[in-house]
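Order-wise, the sequence lines are chains W and H. Count the first sequence with our numbering and you get residues 57 to 388, in order. Count the second sequence with our numbering and you get residues 10 to 286, in order.
The set of hints was computed from the structure by calculation and includes no laboratory data. Hints are not guaranteed to be accurate.
No more than 20 Å apart at the CA atoms, straight line, and that leaves these computed lysine to any residue pairs for SDA-like [as the list claims (entries may be wrong)]:
| no. | chain 1 | residue 1 | chain 2 | residue 2 |
| --- | --- | --- | --- | --- |
| 1 | W | 112 | H | 119 |
| 2 | H | 167 | H | 119 |
| 3 | H | 13 | W | 282 |
| 4 | W | 297 | W | 347 |
| 5 | W | 381 | H | 105 |
| 6 | H | 13 | W | 291 |
| 7 | W | 274 | W | 286 |
| 8 | W | 381 | H | 112 |
| 9 | H | 102 | H | 174 |
| 10 | W | 381 | H | 106 |
| 11 | W | 112 | H | 175 |
| 12 | W | 274 | W | 196 |
| 13 | W | 297 | W | 379 |
| 14 | H | 167 | H | 103 |
| 15 | H | 13 | W | 280 |
| 16 | W | 112 | H | 194 |
| 17 | H | 167 | W | 118 |
| 18 | H | 13 | W | 112 |
| 19 | H | 13 | W | 283 |
| 20 | W | 106 | H | 98 |
| 21 | H | 167 | H | 177 |
| 22 | W | 297 | W | 269 |
| 23 | W | 381 | H | 119 |
| 24 | H | 63 | H | 79 |
Everything numeric in this text was worked out from a predicted model, so none of it was measured.
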Amino acid sequence: MLLAPAKGVNNSVAGQQLLGWYNKWSDSALPYSNRSGIGQISCKKGLDTKMEGIMKRLLLLGASVSIIAIILITVFIFIKGTPLIAKVGLGDFLFNLDWSPTRGSFGIGTMLAGTCLLTFISLFWAVPLGVAAAVFMAEVAPQRIGNYLGRMVELLAGIPSVVYGFFGLIIIVPFIRIYFGGNGMSLLAGAIVLGIMVLPTIVNISRDAITTVPGDYKTGSLALGATHYQTIARVILPAAKSGIITAIVLGMGRAVGETMAVVMVTGNSTIIPDSILSPMRTMTSSIVLEMGYASGDHQAALFSTGVVLFVFIVVLNLGVNIAAKAGARHAG
Amino acid sequence: MQVKWQERVWTGVFWLSAAFITLILASIIIYIVYRGIRVINLDFIFTAPSRAGKEGGISTAIIGTLYLTVVSLFIAVPIGTATAIYLEEYARKTSRFAYLINITNETLAGIPSIIFGLFGFVFFVVYLRMGWSIISGSMTLALMILPTITRTSQEAIKSVPYEYLENSLALGAGRWQTIRQVIIPSALPGIITGIILSIGRAVGETAAVILTAGSSLNMPMSISDPARSMSVHLYILATEGLSLERAFGTAFLVVVLILIINFAANTTLRRWSESGA
Numbered sequence: 057m058l059l060a061p062a063k064g065v066n067n068s069v070a071g072q073q074l075l076g077w078y079n080k081w082s083d084s085a086l087p088y089s090n091r092s093g094i095g096q097i098s099c100k101k102g103l104d105t106k107m108e109g110i111m112k113r114l115l116l117l118g119a120s121v122s123i124i125a126i127i128l129i130t131v132f133i134f135i136k137g138t139p140l141i142a143k144v145g146l147g148d149f150l151f152n153l154d155w156s157p158t159r160g161s162f163g164i165g166t167m168l169a170g171t172c173l174l175t176f177i178s179l180f181w182a183v184p185l186g187v188a189a190a191v192f193m194a195e196v197a198p199q200r201i202g203n204y205l206g207r208m209v210e211l212l213a214g215i216p217s218v219v220y221g222f223f224g225l226i227i228i229v230p231f232i233r234i235y236f237g238g239n240g241m242s243l244l245a246g247a248i249v250l251g252i253m254v255l256p257t258i259v260n261i262s263r264d265a266i267t268t269v270p271g272d273y274k275t276g277s278l279a280l281g282a283t284h285y286q287t288i289a290r291v292i293l294p295a296a297k298s299g300i301i302t303a304i305v306l307g308m309g310r311a312v313g314e315t316m317a318v319v320m321v322t323g324n325s326t327i328i329p330d331s332i333l334s335p336m337r338t339m340t341s342s343i344v345l346e347m348g349y350a351s352g353d354h355q356a357a358l359f360s361t362g363v364v365l366f367v368f369i370v371v372l373n374l375g376v377n378i379a380a381k382a383g384a385r386h387a388g
Numbered sequence: 010m011q012v013k014w015q016e017r018v019w020t021g022v023f024w025l026s027a028a029f030i031t032l033i034l035a036s037i038i039i040y041i042v043y044r045g046i047r048v049i050n051l052d053f054i055f056t057a058p059s060r061a062g063k064e065g066g067i068s069t070a071i072i073g074t075l076y077l078t079v080v081s082l083f084i085a086v087p088i089g090t091a092t093a094i095y096l097e098e099y100a101r102k103t104s105r106f107a108y109l110i111n112i113t114n115e116t117l118a119g120i121p122s123i124i125f126g127l128f129g130f131v132f133f134v135v136y137l138r139m140g141w142s143i144i145s146g147s148m149t150l151a152l153m154i155l156p157t158i159t160r161t162s163q164e165a166i167k168s169v170p171y172e173y174l175e176n177s178l179a180l181g182a183g184r185w186q187t188i189r190q191v192i193i194p195s196a197l198p199g200i201i202t203g204i205i206l207s208i209g210r211a212v213g214e215t216a217a218v219i220l221t222a223g224s225s226l227n228m229p230m231s232i233s234d235p236a237r238s239m240s241v242h243l244y245i246l247a248t249e250g251l252s253l254e255r256a257f258g259t260a261f262l263v264v265v266l267i268l269i270i271n272f273a274a275n276t277t278l279r280r281w282s283e284s285g286a
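Bound-form chain W, shown alone (with noise of 0.2 Å):
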């Protein structure tokens, strides 16, 4: 490793002593390339090393915060919530319709319930409109169109969901009292709002499922005599279809854990809907509308209740990680 220039310096007692000097001083994990033998000339300044060690301590403490602070959260949600649900009993506090915190009955089943369908309902109608989208940006509209369009669903992204929730307040709220009937305040109109806000979740990770498909499988297809459609509806869908399934997981972990914008537009009653334009709530809503005066069991039940939440989007997520480094190792 030590060539030409050091051979030079080594020669001399000046060289070997600087030598022994910075082998003192290096990190001894530092990578060879760091040892060859000019670098010999930053040795001269024993802090600079010195600050090397430190610097990759400290990078590395920063690194850990992310694993601390995931550690915390399990932790502390877990700590708060599960005494309860131990109290009352999981199939109990799951599934009991009754929820009347002030007289000590704790049932989140109407919202369990609320949950689910307001996530079906919204993918229902996002998952096609997304995908169609995703396939139109990367197949078929000319790359300005797609590009403009890739922005636009940037923006949607950007939005919060307060002011989601504001415009579904102002404008579909009454839009559903007006020409359905009812209060206006229901599942349907908590549907619409969350079906847009997991509209950019579905197209962006589509459309990135649908570019990665590899040029050849779409070139092979139409050199067959397959025309562009039939290649995107035979070829290209079915090779991405994966992460298309990736990205309607993504977008039902989003609309489960969305909050504030369906607060603001599902009425919140805690009732198992009868019909889509039936108030209903869900186990975010009733976290945020309660937790500002809860206190004692009623408080460890919101808690009781952000550890399904939190468990249902970790698992959500964990199998989407695992299954798409699955999928990466078995396609390399």
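Once you've looked at the hints, dock chain H against the given chain W.
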């Protein structure tokens, strides 16, 4: 012939779906700008709200937003960039530690804001006795924007050509010296884009802020005071039916801020990719 006909229908469907998404976005922005711009004047921006927000302006909410955003960036930017630098420049890509950090970051990014709110409440507000305050809110927000900053910084550092690193090391610079004087300057526009995007998230966040920073209408004097952000103000004005007019004004300011942030992020990114770094 039948194939031809089908293709035409599908082309229509694709164009319609794109047009529909554009329409949704445009109607939201145009409506809020149209209703909000009439409310905005200097008085609205510079006077404090009175009678729970029914009267007066939103100056305290603007200051609250500013405080929360700046403090959370102060916490999250150093940690996020440090993580990115460590992962890209020190850790072996295949190491279990790097894998663990990557997966925690992705999990952190997927956790809904209400969970961060609950955590911030029980940990910062109650356990660490910080109370409902700007510092509790900012620390919670910092955790929420950490994954964005880490990921964009990682991408920015990754895109710095490997020769830069090699040449600098060959010239005798140490690893940290190289990072400080070569890698970070080249990656800076990418890192800044990440910061700008996180400002957007911090400005718009509501659920976590309401649970950790409170919703006080008083002017915050220090970071240990409670505060109300514009998003929280909008939520309270709209759901409690206090003043629709002021709600539109607040929504207008939030939306315009987000538009500016988005535009700034795009411009930085474009200029950066054009300069060829």
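For each hint, the structure was consulted:
no. : hint            : verdict
1   : W:112 <-> H:119 : violated (29 Å)
2   : H:167 <-> H:119 : violated (23 Å)
3   : H:13 <-> W:282  : holds (12 Å)
4   : W:297 <-> W:347 : violated (41 Å)
5   : W:381 <-> H:105 : holds (14 Å)
6   : H:13 <-> W:291  : holds (19 Å)
7   : W:274 <-> W:286 : holds (10 Å)
8   : W:381 <-> H:112 : holds (10 Å)
9   : H:102 <-> H:174 : holds (16 Å)
10  : W:381 <-> H:106 : holds (16 Å)
11  : W:112 <-> H:175 : holds (18 Å)
12  : W:274 <-> W:196 : holds (13 Å)
13  : W:297 <-> W:379 : holds (13 Å)
14  : H:167 <-> H:103 : holds (15 Å)
15  : H:13 <-> W:280  : holds (17 Å)
16  : W:112 <-> H:194 : holds (19 Å)
17  : H:167 <-> W:118 : holds (18 Å)
18  : H:13 <-> W:112  : violated (63 Å)
19  : H:13 <-> W:283  : holds (9 Å)
20  : W:106 <-> H:98  : holds (18 Å)
21  : H:167 <-> H:177 : holds (16 Å)
22  : W:297 <-> W:269 : holds (10 Å)
23  : W:381 <-> H:119 : holds (17 Å)
24  : H:63 <-> H:79   : violated (28 Å)
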